[in-house]
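Asker: These protein sequence lines map, in sequence, to chains A and B.
Residues 1 to 111 in my numbering are what the first sequence spells out, letter by letter.
Residues 112 to 224 in my numbering are what the second sequence spells out, letter by letter.
In case anyone wonders, no lab produced these hints; they're calculated from the structure.
Be careful, since some hints might not be right.
Claimed, not checked - Covered stretches of chain B (in silico footprint by chain A; criterion: 3 or more residues with CB under 8 Å from a CB of chain A, positions within the stretch not fixed):
1) 139–153
2) 169–183
3) 211–218
Claimed, not checked - Residues of chain B clear of chain A, computed beta-carbon distances all greater than 12 Å:
4) 125
5) 129
6) 131
7) 133
8) 186
9) 193
10) 205
11) 222
Where is the CB? At the ideal position from N, CA and C, for every residue including glycine.
Each chain, letter by letter, is given below.
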Amino acid sequence: DAKTTQPNSMESNEEEPVHLPCNHSTISGTDYIHWYRQLPSQGPEYVIHGLTSNVNNRMASLAIAEDRKSSTLILHRATLRDAAVYYCILTVIQGAQKLVFGQGTRLTINP
Amino acid sequence: DSGVTQTPKHLITATGQRVTLRCSPRSGDLSVYWYQQSLDQGLQFLIQYYNGEERAKGNILERFSAQQFPDLHSELNLSSLELGDSALYFCASSVGGHQETQYFGPGTRLLVL
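Just chain A, same shape as in the assembly (with noise of 0.2 Å):
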């Protein structure tokens, strides 16, 4: 499994944009990239994928490196309830499509 690098830990403010970096050099041309969040006591929840191009969904934006080696995943404006640990994941195009979760970012929004 294609291997994912995030920050463990990071912090913003309400209302402010959020950046969420995430590194997966050795991507391959076939793997998707996924975010899932947790919020606190709750089980995973998808918030976006992406290919090759940019995605926007009503949740957050996901912006993808040129050579697909990073990207990252922006909240256009946090709000408290986006407290929580955000999974960034490859999974391949065909195949089983288990999740394999790293560490994951634990996202910290001040009030």
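Here the structure of chain A is known, so what remains is to put chain B in place on it, guided by the hints.
Answerer: Using the frame of chain A, we list chain B on its own:
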């Protein structure tokens, strides 16, 4: 609410015992996944079923087994329990088995005393 339900929410049992965790996937989802989350190992994939058949296996102990029934609900059986099996067990489901969003249930917290 993800639409995935898990029962029970909490389970306290003793070493050596056997327990069964149950998962009902979202309506229409054919794939069920089981994950274990412990403090020292983080979130780990255990096993996946697709439409009643085992599709992938992860770090699942031989003491653990799972199955998916014709109505697509799944059960995870944990036997000869040890203290180290204490963890949160999550079930997730997806429509099929390839590149699809996984929807996670609220988890079952297992405490082995």
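Asker: For each hint, tell me whether it holds in the structure or not.
Answerer: Now for the hints, and whether the structure bears them out:
1. 139–153: Our answer is that it holds, as 4 residues pass the Cβ test (under 8 Å) against chain A, meeting three.
2. 169–183: n = 1 at 8 Å, threshold three: violated.
3. 211–218: holds (count 8)
4. 125: Given a closest Cβ separation of 25 Å, the condition holds.
5. 129: Non-interface label on residue 129 of chain B holds, nearest chain A Cβ at 24 Å vs cutoff 12 Å.
6. 131: holds (19 Å)
7. 133: holds (15 Å)
8. 186: holds (18 Å)
9. 193: Nearest chain A Cβ is 23 Å from residue 193 of chain B, so the label holds.
10. 205: violated (7 Å)
11. 222: holds (15 Å)
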